[in-house]
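**Student:** One-letter residues, chain by chain:
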Amino acid sequence: MALLETKDLGINFGGLRAVGDFNIKIEDNQLIGLIGPNGAGKTTVFNLLTGVYLPTEGSIYLNGENIVGKKPYEIVQKGISRTFQNIRLFKDLSVIDNVKMAFHHKMNYSIGAGILRLPYYWKEEKEIHEKALDLLKLFNMEKLAYATAKNLPYGEQRKLEIARALATNPKLLLLDEPAAGMNPQETNELMKTIHFIRDKFQIAILLIEHDMGLVMGICEKIVVIDYGIIIATGTPEEIKNNKKVIGAYLGE
Amino acid sequence: MEGIIKFLQQLINGIHVGSIYALIALGYTMVYGIVQLINFAHGDIIMMGAFIAFISITVLKLPIILVILISVIFCMISGILIEKIAYKPLRNSPRISALITAIGVSLFLENLFMLIFTPNPKPFPNVLKVYQINIGNLQISNLTIITIVVSVILMIGLDFFVKHTKTGKAMRAVSEDQGAAQLMGINVNTTISVTFAIGSALGAIGGILYSIAYPVIDPFMGIMPGLKAFIAAVLGGIGIIPGAMLGGFIMGIAESFTKGYISSQLADAVVFGILILVLSIKPSGIFGKNIKEKV
Amino acid sequence: MKSKLKPYIINTVAIIFTYVILILLMQTGIINSYYEGIVISIGINIILATSLNLATGYLGQLALGHAGFMAIGAYASAICTSMMNLPDLLQLIVSILIGGIFAGIFGILIGIPALRLKGDYLAIITLGFGEIIRVVILNMKITGGARGFRGILPLTSFNSVFWITVIIVLIIYTLINSRHGRAIISIREDEIASEAVGINTTYYKIFAFSLAAFFAGIGGGLYAHYYTVLDPASFGFMRSIEILIIVVLGGMGSLTGSIVAAIILTILPQLLLDFSDYRMLIYSILLIIMMIFRPQGLLGKTEFSLTKLFKITPNNKERSE
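Residue numbers (the numbering used here), protein chains in the order written: chain A, 1 to 252; chain B, 1 to 295; chain C, 1 to 321.
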C-alpha cells in the first residue's frame, strides 16, 4: 500500500478548474518533485493534501485512510506536514519556540497540569526543550535558538520552517519552493539537507520547485502539471525528454 | 388598512433616520477604506457639526445656507487636523494603537465641548418650518422629504466624485494599495486629508439633519448615532461606499420597525442582532468581498 | 532544581511583602477606607485587564465586549448571593464562581460565531454582543431592569480581592507559559501556520476567549459585592473600552504591563480629581500622547521580572521561565 494515494482529486474555484483528475502515488521514503509552470496549480495541490482546501471531487488516502474533509491540524497529526511558499513563521517568537509549537500534539499534559506545573509538566517541557535543540542542531541553528524568528536571514528562516515541519513528526513532508529566493550556494546546501532529512527521518518528501535542474538532481520521481492536470510522470531522465513537458515550459 | 398605513409610516420614518445614518456611515467607511482605522471620533464630528450650527443660528443669527456652510467647513478642518495630529504619526504602528488614539480623540472632543458648552442638553432652534404633507391617510413631513433628498443627492454626488474625478480615483488607488499609489505619483497624504475632509463634511450635514429631527443637542449626542452608523458601515461591508448607504437604510428601517412594533427599549438590541446575523452569514458584510488569505 | 525554585521564592516573597505592606498601611490608617476602595478597584481592574489581555494580547483577537461578560458575572453572582445564605467568605467564593461560570458559558456561546470573524469585524461583533447583554439585562425583571440591582451583601473585602487577583494573574501566567499557552500565542502570530503544525486553532480560540470571559465574570462578581448596587448603564461599551485602554497602555501580551497600567489608570483619575472639570480632558490628551510616542504600550510584549531584576538566573537559556 502506498503511503499517500490520490484518486481523481480535483477542485474548482467559481467554476474554474484549478486542479483536476489528479492521481498520484507516493511510497514510503520517496523523494518526489512536483513541477510545472507558474499558476499550474502546484500550491493548490498542497492545499488540497493538507486540508486547507476541500476538494470538489476525488479522494486522498493516507495509509489507506481517506482524509478528505479532515481539518488541517488533524491531517498534520496523521502525518502530513508542510512548509509555505511565502514563509509562515511565528515571527515574533524565538527560534526554539517556533519549533516547540510543532511538538504540541505530541505532548500530553493537561491544561490543569500546565497551570499547576505538576511534575509531569516539567518532565515534558524538559523533553521537548531538548528535542527542539537537537532538531535545531541538525540544521546548525542551535546558536540561534533564542533569536527572534523575524530577525533571521532569509535562508535560515526557510530552514527553520523545515525544522518546524519536521518537529510534527511527519511521514510525508511537503516543501513548497524551499529554495525560492536563495542563491545557488544556499540552494545547493539546502538540497543536501533535504536528502539528509529523508535518510535520517525515513520520510517521504514531495517537493515543489521551479528550478528544473535542481529537481532533476535530487528527485527519484517527478510529476509535471500544467493547467491543473498531470501531463507527465516519471524519472528525471524520462521527464527531460518528454515532449509535452518541453512544450509546457517553452511553449509549443 | 390602518395596518398598512402604520407600516408605511414606520417605513418612511425608517428611511428618514436611515438616510442620516447612511450619511454618517459614509464617513466611517471612506476613512476605513483608506487608512483601515475605525475613526471613533467621527461620531463627535457629528456633534461638532450640530454645535457649530447651533452657535451660528443662535448667536450669529446667520441664514441657514451660511449656517450649513460654516458647520461643514469647521468639520472639514477639524477632520483634517485630527488626522494630521493624532492619526498620521501612528500610520505604521499596530492598528490597535491607532484605534485607542481615535478613542482618545473622541473623549477629548466630548470633554472639550462639555467644558465650553456644559453637559446640559440644549434645544436646537427651529430652522425649518415643519409641516405635514398628507398623501391619503399617510403623513409625511417636509423635513423627512428634505432629509431624504439631501442625503440621496449627496450620496450620488459622492459616488460620482469617487468614480470619475481624479481625486476620487486617487482615493480608490490609495485604499487599494498605499505603496503602489505612492509609486504612481499619487500624493498619499493629500488624498488621506481629502478623504477625512469629505467624510467630515458629510458628518456635519448628517449632524445638522439629526439635530433638526431630534432637536436636543449635548456634547455626547454623537456617540449613539456614530455607533449605529459605524455598524451600518460594517453591515454593508466596510470600505465600500454603496454598502454604507444600504447599511444605513437597513439600520434606520430596522430601528423604526422595532420601535413601532416591539419596544423602543429593544431597538438597540435588534440593531445589534441584525449585525450579528449578517456577519454570521456573510463575515465581511453584505457587499464585502470575502478575501481569503492566500496560503 | 535550585534555580527552578528561586523565581518562585522571590515572587512569593514579593507578593506577601506587598500584602503585608498594604495591610500595615491600612492598620495604621495611612490607607483610609477611601483609599482602600481605590486599592480594591485596582484589583478588580487588574482582573479585567489581564483577562482581556488573554483574549486580545495573547490570542490576538480584538474584543470590545468585555464589559458584557463582567456584567453577566456581576448580576449572576449578585442573584446567587440573594438566593443563598452561606457564611460570608464561602458565599462570596460560591457566588463569584457561579458568576464566572455564567460568563464563561456565554463566552463559549458568543465565541463560537464571533471567533470565525477576524480583526475589526470581530471587534464590532463582540461590541454588538456586549451591547445586547446590557440591553437584555436592562429589560429583565430578575436584574431589576433600569432601576438597577440593589442591596447586594458587601462581601468583597481587600483580602478577598487581593488574593483572588493574585490567583487569577498566576493562573494566566502559568497557562501562557505552558504548551496550551504556546498554542494560544501561535494563533496570534499566524493562524494558518498554527493549524499547519497540528494545533486545533478553533478549540484554543474558544478556550482562551471563554476563559477570559470567565475571569471577567469573576471580576464582575467582586465588583457587585463591593459596590452592592448594579446599574446596567455602568456595563456599557465605554467600560469595555476602558478595560481595553488598560491592556493596550500596559502592552498587549504583557501581564505585568496590564497590572502597572491598571494601577496607573485607576489612580490617575483620582489624582486629577482636583481638576475635576479638566479631568477627562487631561486623561484623553495623555492617552493620545502615550499612543503616539509609545504605541506598543508601556512594556510591549515583555514581562517585568523581579528575578531578572536581581539577576539571579545565571543561565540565560532558562529565560522562558
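If you are wondering where the hints come from, they were derived from the structure by calculation, not from laboratory data. Keep in mind that the hints are not guaranteed to be accurate.
As the list claims (entries may be wrong) - Cβ pair distances, simulated, as ranges:
hint	chain 1	residue 1	chain 2	residue 2	range
1	C	T302	B	L69	26 to 36 angstroms
2	B	N92	C	Y278	27 to 37 angstroms
3	C	A233	B	Y214	13 to 23 angstroms
4	B	I4	A	N66	36 to 46 angstroms
5	C	Y8	B	V216	58 to 68 angstroms
6	B	Y214	C	V229	24 to 34 angstroms
7	A	T56	B	L69	55 to 65 angstroms
8	A	K126	C	N139	28 to 38 angstroms
9	B	K294	A	W122	20 to 30 angstroms
10	B	I262	A	N63	56 to 66 angstroms
11	B	N92	C	V13	37 to 47 angstroms
12	B	I262	C	L268	36 to 46 angstroms
13	B	V59	C	D277	42 to 52 angstroms
Using N, Cα and C, we set each Cβ at its ideal position, and we do this for glycine too.
**Student:** Taking 36 to 46 angstroms as the hint, is the beta-carbon distance of I262/B and L268/C inside that range?
**Tutor:** 42 angstroms, holds
**Student:** Quick one: are K126/A and N139/C within 28 to 38 angstroms, going by C-beta?
**Tutor:** 55 angstroms, violated
**Student:** Just tell me: holds or violated, for the beta carbon distance of V59/B and D277/C against 42 to 52 angstroms?
**Tutor:** 23 angstroms, violated
**Student:** Just tell me: holds or violated, for the beta carbon distance of N92/B and Y278/C against 27 to 37 angstroms?
**Tutor:** 32 angstroms, holds
**Student:** Go ahead and decide if the range 13 to 23 angstroms is satisfied by the Cβ distance of A233/C to Y214/B.
**Tutor:** 20 angstroms, holds
**Student:** Can the suggested window of 36 to 46 angstroms be confirmed for the beta-carbon pair I4/B and N66/A?
**Tutor:** For N66/A against I4/B, whose Cβ atoms are near 57 angstroms apart, the range 36 to 46 angstroms is violated.
**Student:** Honestly, do T302/C and L69/B meet the 26 to 36 angstroms range at C-beta?
**Tutor:** Given range 26 to 36 angstroms: violated, Cβ gap about 52 angstroms.
**Student:** Taking the CB of I262/B and the CB of N63/A, does the distance hold inside 56 to 66 angstroms?
**Tutor:** At roughly 57 angstroms between Cβ atoms, N63/A and I262/B fall inside 56 to 66 angstroms, so the hint holds.
**Student:** Note whether the CB distance of Y214/B and V229/C lies within 24 to 34 angstroms or breaks it.
**Tutor:** Given range 24 to 34 angstroms: holds, Cβ gap about 31 angstroms.
**Student:** Per the hint of 58 to 68 angstroms, is the separation of the Cβ atoms of Y8/C and V216/B within bounds?
**Tutor:** Once the Cβ atoms are compared, 60 angstroms apart, the range 58 to 68 angstroms for V216/B and Y8/C holds.
**Student:** Holds or violated: the 55 to 65 angstroms window for the beta-carbon distance between T56/A and L69/B?
**Tutor:** 59 angstroms, holds
**Student:** Could you check the hint for me, namely that N92/B and V13/C are 37 to 47 angstroms apart, CB to CB?
**Tutor:** This hint holds: roughly 42 angstroms between Cβ atoms.
Against the hints set out earlier in the document, violations occur for numbers 1, 4, 8, 9, 13.
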